[in-house]
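Residue strings, one per chain:
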Amino acid sequence: MRDVAIVSTAQMTNVRREQRRNEVEMLMPVVQEAVKRSGIPKGDIGFTCSGSCDYLAGQPFAFVSALDAIGAWPPISESHVEMDGAWALYEAWVKIQTGQADSALVYSFGKSSMGDVPDVLNLQLDPYYLSPLGIDSISLAALQARAFLEKTQYTERDLAKVAVRSRKSAKDNPNAQLAGDFDLEKLLAEPYLVSPLRVHDCAPISDGAVAVVLAADDTARNACERPAWITGIDHRIEPHQPGVRDLSESPSTALAGAKAGVASGGIEVAELYAPFTHQELILRDALGLDASTSINPSGGALAANAIMVAGLTRIAEVANRIQWGSIGRGLAHATSGPCLQQNLVCVLEAK
Amino acid sequence: MSEAESELVQSITTPLRLEYQYTAGVASTRFLRGMADGKILGQRCPQCEKVYVPPRGSCARCGVATDLEVQVPGTGTITTFCVVRIPSDSLDIDPPFVAAHILLDGADIPFFALIQECHFDEVRMGMRVEAVWVDAEDLGPTFESIRYFRPIDEPDAPFESYKEHL
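Line by line, the protein sequences give chains A and B.
Heads up, the first sequence is in my numbering, so the first residue is 1 and it goes up one at a time.
Heads up, the second sequence is in my numbering, so the first residue is 1001 and it goes up one at a time.
I should point out that these hints are in silico values taken from the structure, not numbers from a laboratory.
Hints should not be assumed to be uniformly reliable.
What the hints assert, rightly or not - Here are the simulated BS3-like cross-link-like pairs (lysine-lysine), alpha carbons at most 30 Å apart as the crow flies:
1) A:LYS42 <-> B:LYS1050
2) B:LYS1163 <-> A:LYS42
3) B:LYS1050 <-> A:LYS36
Since we're looking at a predicted model, the values are computed, not measured.
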C-alpha cells in the first residue's frame, strides 16, 4: 500500500441560502485555496474527483458545468460520484493506490437551499413502493429515532444534549452556520417536529463547498509539514429497503470502522456525519467510542449540513486538526442514504 | 392461477414534482440585466484574456474568476451552422430553419442562435450577421430579448479570423 495523506483543505463558510453566487462561483475560490495551500502546481495534480447530486440543483449534469471552476485544460483525468464528496475521496485514494496518480484534488458542493431537501432525499428510496408514498427524510429519521429510544436506555434528553454540545462547539468553527449556547430545558420544552424529533434534533439546511488535496509518499511529505495520513478507509452499505434493517444500530459503520482499523489506537477526535442527534449516538456505539474521544469539535452536521459536502467536511476537519498539531490520531465518518444506510470510516494519523 | 392473475404489471406511474429556486449567479445576473438594457455583456479572463459571452463567472480553461466586464456589439460571424428540418414542440418556428454558432465581434466563445430573414440555402460559414432585438418595451432579463440574427451586407469574414473558435 502507498502512504496517502491529506495535505490541504479549504471550505466555504456555510450559509442558509447563498443568494448571489451559483455553484461554480461558490466552488472556485474553495478549490483555488485548497490547491494553493497544497503547494502542488495545479498542472501537477494527477487526478480530480468530485461528489455532488444533480437533484439538488434540479439540473442534469450539473457536475459537468461545475468543472468550469477547475480550469480543466489541457484535458485532465477526472471523475465524479453522485454521492457525498467523502466517496469521491475514496475513489481518489484508490486511484493513487493503483499508481495512476501521485496527487488528487477532491471537492464537493451542495446548494441544499434551492429545492426542498426532505423531498429531494425522498428520491433515494426505491421508486416502486417507498418513494411514491411521499415519505421524507425527517420522517424516516424519526422512525429510526423511535426504534433507537425504545430499544436502548437513551432518552430525548440525551438527544438534546447532543444538539447543545454540537452548537456550542460550533462557536469555534468559523465555517459553521448554526452555533451558540442553547438551554437544554428550553429545547426539551419545544414541540415535536416529527415525534420523537424536535427541530434541534435535525441538521440545518445549508449551502456549502469543500475541497481537499491528497498526495502520496514524498509528494505529501514535501507538500506539508504534518500531512494527515490516511491509515485506514472503508465503506459498507446496508439493504436499500429500510424495513429489512434494524434501524436502531449501524452494522455497516461497525464493519467499516473495524476494517479501517479504528480500534488499533486511541481516537482523540471523531467527526461523525450525523444529521440527526440520535444518529450520533448510534454511530458512537457502532464505533466503540467512549468519553476519551472528542466528538464533533467542529459542531458536525448539526452546525452545517450542505448535502454532499458534510461528509467530506468531516474528513477535512480531522485532517486540519492533525495538520495544526492539535491531535495525532482521529476518525472521520460520512453517511449516505436514509437512516445511515451507507457509511464510510476514515482513520487519519500524524506519523 | 387465472389468466388475469398471471398477467405481468407492465408499468406503474409515480408522479413526481420538485420545485427549485434557481440562482442565476453573479455573472449570469450581469448578463441578463444587460439583456434587459439591450446590451450584450461578457467577461474577460485575466489570464488567457478570452472573452466569454455569455459569461459564467469563471474561465473554464484557466479556472479563475473572469471579473473584467466587457460589452460586445450585436454583430458577429457564423462559425458553423445546421439546417433543422425536424419540428420541435418547444419552438414556435416551422422547419426548415437555421441554428448557428455565432462568434460576436470581440468575443472568444461562440453561442447558439437562430438565423432568420434569409433562405437557409444562403447561410454559410463566415457569414456576417447582426442581432435583431425585440421592441424596447419588451426587453427583459432573458436571452429572448434577442429574437434572432440576420445577415448584414458585409463581405464574409475570412476563415483565418474564426478558425480558432470552431
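(message) Tell me the hint numbers this structure goes against, listed in increasing order.
(response) Checked against the structure, no hint fails, so every one of them is satisfied.
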